[in-house]
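S.K.: Each chain, written out:
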Amino acid sequence: MNCERARKMLEQLMAGEAHGREAREVRIHLAACRDCAAMLNPSQWVEVLPLLDQVIEPSEDFARRFRVKLESRPQPWWKSLALQRWPRPLAAAGSLAAIVLAGVLFIREPAVKQEPVSLNELSVAESLPLLEDMPVITNLDFLEDFETIENLPRLIKEAAKN
Amino acid sequence: MEAALNWGDAMQPLEENVPEMLDSDAQLMLRFRNGEAEAFDQLFSRHTRAIINFAYRFVRDRQLAEELAQEIFLRVYESASRYRVEARFTTWLYRIAANVCLNEVRKPHFRAGRVPLEALARDPRFPAGAREAGSSPEKLLEREAISRAISEALDRIPEKQRVAFILNKYQELSYAEVAGIMRTSEKAVKSLIHRAREALTERLKPLLPELLNL
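Protein sequences, first through last, are from chains C and A.
Numbering of the first sequence is given in my numbering, commencing with residue 1 and proceeding in unit increments.
Numbering of the second sequence is given in my numbering, commencing with residue 163 and proceeding in unit increments.
Since the hints were derived computationally from the structure, they do not count as laboratory data.
Please read these numbers as outputs of a predicted model, since none were measured by experiment.
Do not rely on the hints blindly, as some may be mistaken.
[Said to hold, decoys possible] Below, a list of computed lysine-lysine pairs in the DSBU-like style, where the Cα atoms sit at most 35 Å apart:
id, chain 1, residue 1, chain 2, residue 2
1, A, K352, C, K8
2, A, K349, A, K367
3, A, K352, A, K269
4, A, K352, A, K367
5, A, K322, A, K352
6, A, K349, A, K322
7, A, K322, C, K69
8, A, K269, A, K367
9, A, K322, A, K269
10, C, K8, A, K322
11, A, K367, A, K322
12, A, K349, C, K8
13, A, K269, C, K69
14, A, K349, A, K269
15, C, K8, A, K367
[Unchecked claim] Stretch-level coverage of chain C by chain A, calculated; a stretch enters the list once three of its residues show a Cβ under 8 Å from a Cβ in chain A:
id, segment
16, 10-23
17, 43-51
18, 69-75
19, 89-103
Backbone N, C-alpha and C fix where the C-beta goes; we use that ideal spot for every residue, glycine too.
Input sequences plus hints: build the corresponding full structure.
M.R.: Below, the structure is given as structure tokens:
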């Protein structure tokens, strides 16, 4: 960059119309050229300051230290499950299995809701062998009634005495 | 200032299905958001030096500047899922960086450690003779003294002016980009930089001829 161009660009720099590489080239010229620097007023000198200031380079192990910091930072509890590290096919297979299982459970659910089983029904179920002999029991009941009928005259006499 | 640089609120995102319109940094960030870890590595490599130097302008301590840069990249990493393409990636990056650096310099212990500018002017290593500054130990010490003088002057200007000046003059960002980072207008940025320049001129006027070895 020549002096004429640098001085013209300085105006743009002061007006904020030059930035990036263009601005840097102007500053480099102004800092290196005694003639141009001699023409600068104090306000324009300030434009050259960034070039005079220190520039630091990252430490060699900067990236490594960042990785360590990244890995050692506290994780939210849900991330401790490490779900995000699962391979995508495995995650997809797991999701599919969950959907299928939910579907099977839904299908096996009876359509009509049954009433809750009562204690009486439980006792009947426990006496199932007895229930199978129900006709005999019915006959026994009849015989029991027959005895009552047979004793009926005696029962009437006793009632009359009283 | 904190509110001015608050980057958490929602803005209308650009269309993300037109990646050719995005700057390459934003494309990398979107790729990282979608699970490509290598994309973050590339962003990290691209911006490490600039971010460390940006932090260094505020704290003037290499080790602390690197720690702040790590904190900045960590926030970028952790914010990836919330990243939306609002503007250039650097706008978002420097907004995070400015918040982290300002939080640091606002701490009481940091303010307590500042050296008066007058004391620097009496430093035997000063003036610098910047044009002749080479790599000899003496010149490096002189350069450090210049740096400290500039730093002290920058420390004394208001935060907004300092951020705008550093972003525009050191990071070489345009007024429009600085305005985007600071969530203000270009006109306001122009005014901030003008006032910063005046304040720095006033503070460094006695030292400027020596700084430039005139």
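S.K.: Now tell me, hint by hint, if it's right for this structure.
M.R.: Here is how each hint holds up against the structure:
1. The hinted pair formed by K352(A) and K8(C) meets the criterion: a straight-line CA distance of about 19 Å does not exceed 35 Å.
2. Pair hint K349(A) plus K367(A) holds up; C-alpha atoms about 26 Å apart against a cutoff of 35 Å.
3. Between K352(A) and K269(A), the direct Cα distance comes to roughly 28 Å. Compliance with the 35 Å bound is thereby established for this hinted pair.
4. With a CA separation close to 22 Å, the supplied pair K352(A) and K367(A) stays within the 35 Å bound.
5. Pair hint K322(A) plus K352(A) holds up; C-alpha atoms about 12 Å apart against a cutoff of 35 Å.
6. Between the alpha carbons of K349(A) and K322(A) the distance comes to roughly 14 Å, so the proposed pair stays at or under 35 Å and holds.
7. Straight-line distance between C-alpha atoms of K322(A) and K69(C) comes to about 30 Å, which keeps the hinted pair within the 35 Å bound.
8. At most 35 Å may separate the alpha-carbon atoms for a hinted pair to count; K269(A) and K367(A) meet this at roughly 29 Å.
9. Between K322(A) and K269(A), the direct Cα distance comes to roughly 17 Å. Compliance with the 35 Å bound is thereby established for this hinted pair.
10. The straight-line distance between the Cα atoms of K8(C) and K322(A) is roughly 29 Å, inside the 35 Å bound, and the hint therefore holds.
11. Proposed proximity of K367(A) and K322(A) is supported: the alpha carbons are some 22 Å apart, at most 35 Å.
12. Between K349(A) and K8(C), the direct Cα distance comes to roughly 22 Å. Compliance with the 35 Å bound is thereby established for this hinted pair.
13. Proximity of K269(A) to K69(C) is assessed by CA-CA distance (about 23 Å); at most 35 Å being required, the pair is judged to hold.
14. Note on K349(A) and K269(A): the hinted pairing holds, with a Cα-Cα distance of about 30 Å set against a maximum of 35 Å.
15. Taken as a hint, the K8(C) and K367(A) pair is honoured in the structure, with Cα atoms around 24 Å apart against an allowance of 35 Å.
16. Counting residues of the segment 10-23 of chain C whose beta-carbon sits less than 8 Å from any beta-carbon of chain A gives 5, enough to reach three: the coverage restraint holds.
17. Residue count for the segment 43-51 of chain C with a Cβ under 8 Å from a Cβ of chain A: 8. That meets the three needed, and the coverage hint holds.
18. Given as covered by chain A, the segment 69-75 of chain C passes the check, having 3 residues with a CB less than 8 Å from a CB of that chain where 3 are the minimum.
19. Restraint check on the segment 89-103 of chain C versus chain A: 0 residues with Cβ-Cβ distances below 8 Å, three needed, restraint violated.
The structure fails hint 19 only (numbered hints given earlier).
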